[in-house]
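Line order of the protein sequences matches chains A and B.
Anchor point for the first sequence: position 83 equals 83 in the numbering used here, and the numbering is continuous, going up by one each time.
One rule links them: number in the numbering used here = place in the second sequence (from 1) + 1000.
Hints are computed from structural coordinates only; laboratory data are not their basis.
For clarity, every value in this text was computed on a predicted model and none was experimentally measured.
Among the clues, some could well be false.
[Claimed, not checked] Computed footprint of chain B on chain A, listed as stretches where at least three residues anywhere in the stretch have a Cβ under 8 Å from a Cβ of chain B:
#1 138-148
#2 153-163
#3 171-185
#4 306-316
C-beta: ideal position from N, C-alpha, C; glycine also.
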Amino acid sequence: MINTKNYLYIALAIVVLAITYLIPTPDGLEYEGKMMIGILLVGVILWTSEAIPLAVTGLLIIILQPILNVAEPFEVFSSFGNTAIFFLIGAFILAAGIEKYNIHKRIALHFLKGFENSPRMFSFGIMLCSALLSFIIPEHAVAALMMPIILSIFLALNIVPRVSNFGKLCMLSIAYGCSIGSLGTLIGGARNPVTLGFLQETQGINLTFVDWMRYSMPIVFISLPLVWIVLISMFPIEIKSLKKAKELLDKEVKELGDIGEGEGITIAILIGTIFGWIFLSTMFAKNWDLAIIAILGSIALFFTGTIEWKDVEQRVPWGIIFLYGGAITLGVGLINTGAADWIADHLLGFTNTNPVLVIIVLIVITVILTQAMSNTAAVVVLLPIGVGLGAAADLPPLLTSLIIALSGGLAFVLIIATPGNAITYSSGYYSTRDLFKAGLISAVICMFIVFIIAITYWRFIGVW
Amino acid sequence: MFKRILVPLPSEYFPELAVKRAIDLASKFKSKLCLLYIYEKHEMENILTRGASHALTEHDINQIECMLIEKEMNGESEVYFKKVEQIAKPKKIKFHKFTCKGLFSEEILKNIKSEKIDLIVSEFHPDVLLKYGIFYDSPIPVWIERADGPIQNIYGICTNLAKNIKVPKYTATIGKKFGSNVRFNYVFDDEKTDVSKSEIDKGKKLLKKLEKKYQSDLRDFKTYFFTQDILKYLKTSFKIERSDLVILGRFEKKGGVMFQTADKKIKVCQKIPVNVLILK
């Protein structure tokens, strides 16, 4: 049911679009560009308020463009057929296979056993494990997996919700570990493939799986320990022993038993697919695009009978595909109509084309926006504007896009910012205030890391 | 006065201050302590739907829900009760424990009746507790704990907007039990412009009557008369005057009965930065 507040947001979106239509076209912009800005505002209002599902806003953005004579129907719909979308579909199906056989659980349990010597190291193990798993499956799936494992440990240790610092620390370690880990590969955070698709469609830049990791991994591995230090300082651990947790982990590992046939095949296909992403799409075969390998891997799961379609139906959030589809068409529309450059010139002109200032502004705006709306939506709204702004300061589109995509994952402050926060918050072990305080400091630290990497490492490896 | 005290334990957080106070009250009044662990499913659903619905499938959400319900009902309530046991041990207070699933206010109201409760002790928590209708719905007094520590100074607030029947009685009894300094403040709300002298005299007479009745029984007993907007008074007075507990009844002010809407409940409780006992 849509409530009155949501009707107001829908009405606001319609009014904004109508005003954009009626006002004269500003200098330096054509009708198409003006209307794309109107569509962008509609997207911002509806994605921020979530008055209608995010996916439906994605669809609305697609159809508004031909309706308002901004683009031909075939143009907008063909942007939706971007390889990034199919890469995502393939990755989601592979993740469904992993989830079906609890492969991620097996990895997590064995991994955590390596950190069970002290509560302090255990909390770091949780963060590291969440981050590493977010390299191979979507971050929300990692949060949903890690939470029950940690909850059962909490119950064994008599950890009291919202009172225990260990409880707060571990749950926030899951949330932040997933967010930071999702920056690492093209699979973890779905905004990464969207950025890939945007760069392909608008700039003709093709990034490989390895390229992305080369750009993002330093940020991941510098941020993880620093954010953990922030958490451990804010929530000093009150428990001394993990004896019961150890017993529980042993029991759970035992319960999982040996690797079964289906699980073994799925692991083999997953390894093969990752191998394909790293080697096939990079070195040997030009047409072996990331999407083709992802789809091939997911088809292999069906060929071997390891998963059925109902497993995919249950586990793949199809709505997200429409969100990303709409998002890519929005980015393409803003670039093609010159609206992105116009916004960059007029709204962010104060940066005075100073490259360092432009980088700082992009990081700050992205991090602020990603707290208030879905981080993919935030990234999509900012990608074209960032490219326009970067062009004025002689910064290449790859640099500005990487800054926005990676800053977009730093959704640490609010519950609604990212599913990982919402899932761990629902456990009841930390308050919104805990998240806000820890998130704010962590976000500032990570913003600084992104900035330093952008002006040093990325320059060194030739991004700009 | 308080034969059976109820402490609701919301699944969202452990109200440690409320538990400590309830144990203190139970030992002073020789009351029976009841703990009610309430798992409110819709809260968690809201959080998941608001924050993660675009990324999670129905299957995912169901799985998380089932896991949380199992954790809450089977495990977490026991963690809560064990924690209370630890706190209650030095005072040798025993308690009855109940676990239920449902709407927070509804479950409390059901248990007030079935367990014959005569005081609810809860904790001030703007994010969680005050959005519930318990302060308005409750037919019995509600103690809102905001500050830990001894109750040295108690303020009973009478006003021309209320009937002032229970406030003097409860203030005096609690004052005696805690050995606290007691003050009765009559706040004459000057919201109306056409205030008659007889109305003001009525308030002053009440204070005199209370002086006569309690002066000898209570420690450092004082009465004061103020003419001020009651909400402004509630907002400013207690911090300066160092009170530890404020006792007040339901009073009427423009816009309806106080504590009728969630906004007003929060408003009043936020205005009073100390422990509050709200009488019906």
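Handout entry: Enumerated hints in conflict with the structure, sorted upward
Key = 3
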